[in-house]
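First to last, the sequence lines map onto chains A and X.
Counted from 1, the first sequence has number 10 at position 10 by our numbering; the numbering is strictly sequential.
Counted from 1, the second sequence has number 1047 at position 47 by our numbering; the numbering is strictly sequential.
These are calculated hints, taken from the structure and not from any lab test.
Here a beta-carbon is modelled for each residue, glycine too, at the ideal position from N, C-alpha and C.
There is no bait here: all hints are sound.
Interface residues of chain X toward chain A, partial, derived using beta-carbon atoms under 10 Å: (1) 1031; (2) 1032; (3) 1033; (4) 1072; (5) 1075; (6) 1193; (7) 1194; (8) 1195; (9) 1196; (10) 1199; (11) 1203.
Now for the letters of each chain:
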Amino acid sequence: MSEKFDVIVVGAGPAGNAAAYTLAKAGINVLQIERGEYPGSKNVQGAILYADALERLIPDFRDSAPLERHIIEQRMWVLDEDSYIGGHYRSAEFARPPHNRYTIIRARFDKWFSDQVQKAGALLLCETTVKALLRDVQGKVIGVEVDREDGRIYADAVILADGANSLVATRAGLRQDIRAETAALAVKEVIFLPKETVDARFNLSGQEGAVIEMLGSISQGMVGTGFLYTNKDSISIGIGCMLSDLKRQHLAPVELLERMKAHPAIAPLIAGGEPREYAAHLIPEGGYDALPQLYGEGWMLVGDSAGFVNAVHREGSNLAMTSGQMAAETLIELLREKRPATAANLARYRARLDASFVMKDLKKYRRLPETLDRQRQFINDYPALLNQAAHTMLRVDGMDKRHKEKEIFNAFRERRSLLGLLGDAYHLWRATR
Amino acid sequence: MHIVVCIKQVPDSAHIRVHPVTNTIMRQGVPAIINPYDLFAIEAALRLKDQLGGRVTVMSMGPTQAEPALRKAISLGCDEAILVTDRIFAGADTLATSYVLASAIRTLDKEMPVGLVFTGKQTIDGDTAQVGPGIAKRLDMQLLTYVSRIVEVDPAQRRIVVERRAEGGVQVLETAMPALITMLEGSNEIRFASTPGMFRAARATIRHWDRNAAGIEDIKLVGLKGSPTIVSRVFGPAARAEKAKPIPFDPADPDSCANNLLERLLNEMPKVRKELEQRRSDTQ
Ligand SMILES: Cc1cc2nc3c(=O)[nH]c(=O)nc-3n(C[C@H](O)[C@H](O)[C@H](O)COP(=O)(O)OP(=O)(O)OC[C@H]3O[C@@H](n4cnc5c(N)ncnc54)[C@H](O)[C@@H]3O)c2cc1C
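The shape of chain A in the complex, shown without the other chains:
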C-alpha cells in the first residue's frame, strides 16, 4: 500500500522547513523528506540568520531558537597582501532587542527549525534521499521515489527545497545542471576559542557579535569574497569564489582559506583557536538571469534549488525561507479553492515572488555577476590602489600632502586611465542600481 499526501517537501533546510511549517500550520497533510541523518546534519556550519524572514513564520522564535550572538557591528574590508582599508558600522541600536541579525550554527538551528515543523504536524523522514519525481501520463508530477524499498510516495504537489545542486530537479529536466559560471564554491571552517577571547578580540560583551565581510587580494584575482562571523565560543571563517575561476586557476579552495587565515589582519583574530568542522558547499550566484523555470505541473522550486541567493549582501537563508513560505501559501490558497496544482495555477507563486524583496533584490543586482566576471579591475586593481592610497596619505615622510594626492591620482590613472576610471564608475553603478 503506498502513501499519499497533499504535499511532499524535499529537503529540510531553511526553504523546506519554511514551506512545510506553513503547510502544516494550515492543517495540510505534508510529508518532508531529508537525506541527512537529521535536519542540519548536511548543512554548512555557521551562518547569519536574518530575523525578519523567520519572524514572519514564527514570531516568537527568539524564545527557543538556538541563536549564537546578535550582530551589533559590521565591518567591510578591502584587503591587499598585508593591509586592509575599510569601514566599520557599529550601532547601539543593533544591540537593543528585538535584534535584526544573528549568528547561528546551522546544524543546531536547522534541527530546532525542524522540531517546530514536526510540532506543527508535518511528518518527517530522515536518512532518505529522493531519487526521482513520479509523473502521470500527462507529465504532471504526482509524487517522488526514494532510495528505499517500496519507495514510491504520492502527493498532489511537490516542493523541491533540495539545495544548490538540486539533483532531483536537474535529473527530472526541470532545470539545467548548475554551471561553473553561475556557482560559487565556498569553504568554511569553525574555529573554537573561549568566549572571553572572542569578546576581547572584537570588543564585544554578552551576546553581542560582529561580522567582517572581505574582498580583495584574498580571492587571488578570482571573483569572490571572504567572511568572518563571531559565534558564542567560536569563529566561522570562510571564502567563496566562482567555480569557473577556481577551475581556471587550478586552485584548491582549502588553500585559499589557509592563505586568507594567514593574512596579517586576520591571523591575530583567530590565533590559538582549534579549527573544527571544515565544510565546502556550492552557492548559486548566477542571480536573476540564471534563474530556472520556478514552477510547473505539480512542482515548485524554492530556496537554493531555485537559485535565490543575493551574493552581494550574502543573503540566502532568508530568501529561502520567504520563497518556501510563498510556495506553501500558494498551495494553501489553491487547496482552499479546490483547484489543482497545475502550472497555470502555480503561476501565483511567481507573482508573489515578483512582488517581494526576493525578486526585486535579484533584479537590482542582475548585471553584477557578469560585470565582475568581465571587469576584473574591480578585483585585481582597486583593492591594491585603495590600500596604497591610504598608505601614501598616512605615511609621514616629508612629502607634502598635495604631492601625495597627486601620486595617488597618478597611480589610479596609470592602472586604469581616466576613461577607464569613468567607465568603471558607470559599470558599478549600472550593476547595482
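Given chain A, work out where chain X with the ligand should sit, using these hints.
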C-alpha cells in the same frame, strides 16, 4: 516468541574531540547514534522474527533525547519501543543500569513472556561489556556472550544453539531459554529500512516508562545513588615525544629497504640483536 533488544544511544565517537585547553570532552554538535554493536543485536533479533514470527521489543534506558535511536530500531522492523526514562536514573553505572533494565524486562515479561534478550557485545562509549551479563544474572537467564551466529532456535523445546567466539576458536553452545545473548560485530549484514518501515517509525508512539511503570522496587539501586563506580579522572593519551623516522625507499630495490628497516629496529633492540646473532652462530 517475544524477543527484547536492549540498545543505547551513544555519541558518534568518530566526531568526538577533547577540548585542547580544558581537556573536557566536547559533545557539542556530536551526532548521536545507536551503539554500533547494538545494531547487530537488533539484526539478530529481526532475523529470528523473520524466521519464526513473534514479536521484537526494543528497549533503552536514557533521556528523552534517546528516542531517535528507538525510532530507528522500529524503522528496521522492531514492533515496539520502550524508553525507560526517569530523572532518578541519571548518573547510572553498569550496575544501576542493569538493575533498571532487568526490572523493566521483568515487567514486560508479565505482558508477554520474554524468550530471548539481545544486547550488543559492549558500548563504544563505556566499553565495559557489563550491562548484558548484569541483566542476565538479575533475571536468572542463561548468558551467551560474544555470539557470532545463532545456529538454531527451538521455541517449543525452549532450546537455543549458538556459535560463540572464544579465544583460539569458535565454541558451539546449546542452552535453555530464556537466555540473554550479547552479539558480536559483523555477525550479520545490517538491513536497510524500507519506506514503509520509515513511515512506521516516524509515526510510532514510543512508550515512556518511569520508575513506577518499569517496576523499580528499590530506588536506592538506581541512578547515581545505586552506582558504586566512580570516574575519578578522564584524560587523553599523552602525546609522544618520539617523531616518526623516515626510511629511504628505492622502489627498484625493496630488499635494501627491508634491510634498512631491520637494521634500525635492531639498533634500538640490542638484546634481540645479540640473541639473533647468537642463534645464527649456533646454527652455523
Ligand atoms: C559558506 C556559505 C555561507 C553562507 N552564509 C550565509 C549566511 O551567512 N546567511 C545566509 O542567509 N545564507 C548564507 N548562505 C546561503 C544559505 O546557506 C543558503 O541560501 C540556504 O541554506 C538555502 O536553503 P535551502 O533550504 O534552499 O537549501 P539547503 O540549506 O542546502 O537545504 C537543502 C536540504 O535538502 C537536503 N536534500 C538535498 N537533496 C536531497 C534529496 N535528493 N532528498 C532529500 N533531501 C535532500 C539536504 O540534505 C539539505 O538538508 C551561505 C552558504 C554557504 C555555502
